[in-house]
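**Student:** Going by full-length UniProt numbering, the first residue of the sequence shown is number 1, and it counts up by one from there.
I should point out that these hints are in silico values taken from the structure, not numbers from a laboratory. We treat Cβ as the ideally placed atom computed from N, Cα and C, and that holds for glycine. Among these hints, one or two may not hold up.
To be verified - Cut-off 30 Å, straight-line C-alpha distance, at most; resulting in silico cross-link-like pairs (DSSO-like, lysine-lysine):
(1) Lys177 / Lys163
(2) Lys163 / Lys135
(3) Lys182 / Lys169
(4) Lys130 / Lys43
(5) Lys169 / Lys183
(6) Lys43 / Lys23
(7) Lys135 / Lys43
Claimed, not checked - Simulated restraints on C-beta separations:
(8) Ile20 / Val146: 26 to 36 Å
(9) Pro28 / Thr57: 43 to 53 Å
(10) Asn60 / Glu36: 33 to 43 Å
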Amino acid sequence: MDRQLCNIEIESFGYTMRDIRYKWNEGPNSVGVSSEVSLPQFKVLGHRQRAMEISLTTGNYSRLACEIQFVRSMGYYLIQIYIPSGLIVIISWVSFWLNRNATPARVSLGVTTVLTMTTLMSSTNAALPKISYVKSIDVYLGTCFVMVFASLLEYATVGYMAKRIQMRKQRFAAVQKIVAVKKITIDGVPGPSGPEPQATPRAVTLTRPAPPSRSS
């Protein structure tokens, strides 16, 4: 998680070091953090203080500076953002084990996970400060969204390829049927799937022999 450094500076606005000079009364132990103070999203790591001399155009000024370092608590973001987004990605992978012909189930699962991931990203960005640079949580949520969208795109690709393969099979079967019919018509040979041609009956002419002639 990220760490934040907060500075507290004490300096005179109108008096230079000739008039006033600041110093810590108790040295390194002048600043302390109470154990009863707690923040909901941060933890105090430590602090340090020092005395400085600042040179400006109007003269030299005395300044006291204190730096307090905070670290963001991970529990809230782990429960509300990281774990749910990871589970959404795993749920989107369930469509890989479904039958590719189960179109309603796979499409509804993919669309639901994409919309849920979009809602989670919107709510997270609304709760964070509006800054211009990319945060680590933006990278994580963006990666999860790409993986969820890729699972939906995978089913679209599989469905398109299956449709093309089915069309090729139907086209090949139609071509085979046409070839078989033409072969039967031309050669009179039965095709692999066509009925056997019936034999054409031939007319048979029977002649009766003439009776023998009688001699007178």
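**Student:** Hints first: check each against the structure and report whether it holds.
**Tutor:** Tested hints:
| no. | hint | in the structure |
| --- | --- | --- |
| 1 | Lys177 / Lys163 | holds (21 Å) |
| 2 | Lys163 / Lys135 | violated (42 Å) |
| 3 | Lys182 / Lys169 | holds (20 Å) |
| 4 | Lys130 / Lys43 | holds (22 Å) |
| 5 | Lys169 / Lys183 | holds (21 Å) |
| 6 | Lys43 / Lys23 | holds (28 Å) |
| 7 | Lys135 / Lys43 | holds (20 Å) |
| 8 | Ile20 / Val146: 26 to 36 Å | violated (59 Å) |
| 9 | Pro28 / Thr57: 43 to 53 Å | violated (32 Å) |
| 10 | Asn60 / Glu36: 33 to 43 Å | holds (39 Å) |
The structure fails hints 2, 8 and 9 (numbered hints given earlier, in ascending order).
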